[in-house]
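> Now for the letters of each chain:
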Amino acid sequence: MDYTNEMLLEIDSKSRNESFARMVVAGFVAQLDPTIEEIADIKTAVSEAVTNAIIHGYDSGEGKIKVNCKICNHEVFIEIKDSGKGIEDIEKAMEPLYTTRPEMERSGMGFSFMEAFMDDLEVESKPGEGTTIKMKKVIH
Amino acid sequence: MDKQEKKKNTTISQVREGVKADFDIINHCLIIKLFEDLDHHNAIPIREQSDKLLNTHPVQNVIFDFSGSEFMDSSGIGVIMGRYKKIIFSGGKAAVTGVNQSVDRIFRLSGLYKIIHKFNTIEEAVEVLNQK
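From first to last, the protein sequence lines stand for chains A and B. For the working numbering, count along the first sequence from 1 and bump the result up by 3. For the working numbering, count along the second sequence from 1 and bump the result up by 36.
No lab work stands behind these hints: they were computed from the structure. Don't be surprised by glycine CBs; every beta carbon is placed ideally from N, CA and C. Treat the hints with caution; some may be incorrect.
Below, a sample of chain A positions facing chain B; criterion: calculated Cβ distance under 10 angstroms [as the list claims (entries may be wrong)]:
no., residue
1, Ala33
2, Asp36
3, Thr47
4, Val53
5, Thr54
6, Ser115
Restraint ranges, calculated between C-beta atoms of paired labels, are given here [stated by the list, open to error]:
no., chain 1, residue 1, chain 2, residue 2, range
7, B, Ile151, A, Glu98, 14 to 24 angstroms
8, A, Leu11, B, Gly104, 29 to 39 angstroms
9, A, Met26, B, Pro94, 36 to 46 angstroms
10, B, Phe71, A, Ala119, 22 to 32 angstroms
11, B, Gln167, A, Met10, 50 to 60 angstroms
12, A, Arg104, B, Gly147, 16 to 26 angstroms
13, B, Phe125, A, Pro99, 22 to 32 angstroms
14, A, Asp122, B, Gly104, 29 to 39 angstroms
15, A, Glu127, B, Lys150, 32 to 42 angstroms
16, B, Phe71, A, Asp5, 37 to 47 angstroms
17, B, Gly127, A, Ala119, 44 to 54 angstroms
18, B, Lys121, A, Asp5, 25 to 35 angstroms
19, B, Phe71, A, Leu12, 18 to 28 angstroms
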């Protein structure tokens, strides 16, 4: 019999909520008894995705960000969704060290970290409509 | 303490919008002691205060101390790189101290250890950076 559990969090696009989002997801995933490293991986990936939604999706302006987390047995599915401006060229955006905001001291490593720390990463985006980041991680 | 000594050792504690970081200047090293996660939200005031001090004090090197901080994401990489770029032109160096396993992994993955030194303690960092 499959074990499932799901949560949905909606937050304002405010940088103050970055740590809150990390805490919520880490708190939810705790039920799988992850290692310290697995928790750190997930927190970092969530942090990168939420920060991207704030800085790029909404250009540091107002908006709502949805953080959806679903557990199925030992797998964690995380979806971070914004209704912001969307990504014109997803491939370019995911290129290591590429950033559209160098003046903000953005490192361009967000997607690289998400890819390194999660087992799967999918990016769906439509310019003018928004972006959905889908990530998956198996907890051992 | 004479005027010269006073200028060398300066402690500036900052409490700003809930972000607490201590800034010390010891032997021309700006030491940023983090007490919070180094994410995008906290990177902004850290950057502002660091640059204010870099512009008004004779600082050669920058040290980020993570003893009081357990987390950093790519926004932290950005703020460290930014300060590094500011001080290399005058021959300055950047270092990190007190990094835990998670933070250490971020540094390793980002390749930052190629240009940033890692030390166990602030004292060690100050001594070695001023030697070279």
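> Determine for every hint whether it applies to the structure shown.
Verification of the supplied hints:
1. Ala33: violated, 16 angstroms
2. Asp36: violated, 18 angstroms
3. Thr47: holds, 5 angstroms
4. Val53: Holds: closest Cβ of chain B sits about 9 angstroms from A:Val53, inside 10 angstroms.
5. Thr54: holds, 5 angstroms
6. Ser115: Status holds, d = 8 angstroms.
7. B:Ile151 to A:Glu98: 14 to 24 angstroms: holds, 21 angstroms
8. A:Leu11 to B:Gly104: 29 to 39 angstroms: holds, 33 angstroms
9. A:Met26 to B:Pro94: 36 to 46 angstroms: holds, 40 angstroms
10. B:Phe71 to A:Ala119: 22 to 32 angstroms: holds, 27 angstroms
11. B:Gln167 to A:Met10: 50 to 60 angstroms: holds, 52 angstroms
12. A:Arg104 to B:Gly147: 16 to 26 angstroms: Check passed, 20 angstroms falls within 16 to 26 angstroms.
13. B:Phe125 to A:Pro99: 22 to 32 angstroms: holds, 26 angstroms
14. A:Asp122 to B:Gly104: 29 to 39 angstroms: 32 angstroms Cβ-Cβ, so the 29 to 39 angstroms window holds.
15. A:Glu127 to B:Lys150: 32 to 42 angstroms: holds, 34 angstroms
16. B:Phe71 to A:Asp5: 37 to 47 angstroms: holds, 42 angstroms
17. B:Gly127 to A:Ala119: 44 to 54 angstroms: For A:Ala119 against B:Gly127, whose Cβ atoms are near 33 angstroms apart, the range 44 to 54 angstroms is violated.
18. B:Lys121 to A:Asp5: 25 to 35 angstroms: violated, 51 angstroms
19. B:Phe71 to A:Leu12: 18 to 28 angstroms: This hint holds: roughly 26 angstroms between Cβ atoms.
Hint violations for this structure: numbers 1, 2, 17, 18, all remaining hints satisfied.
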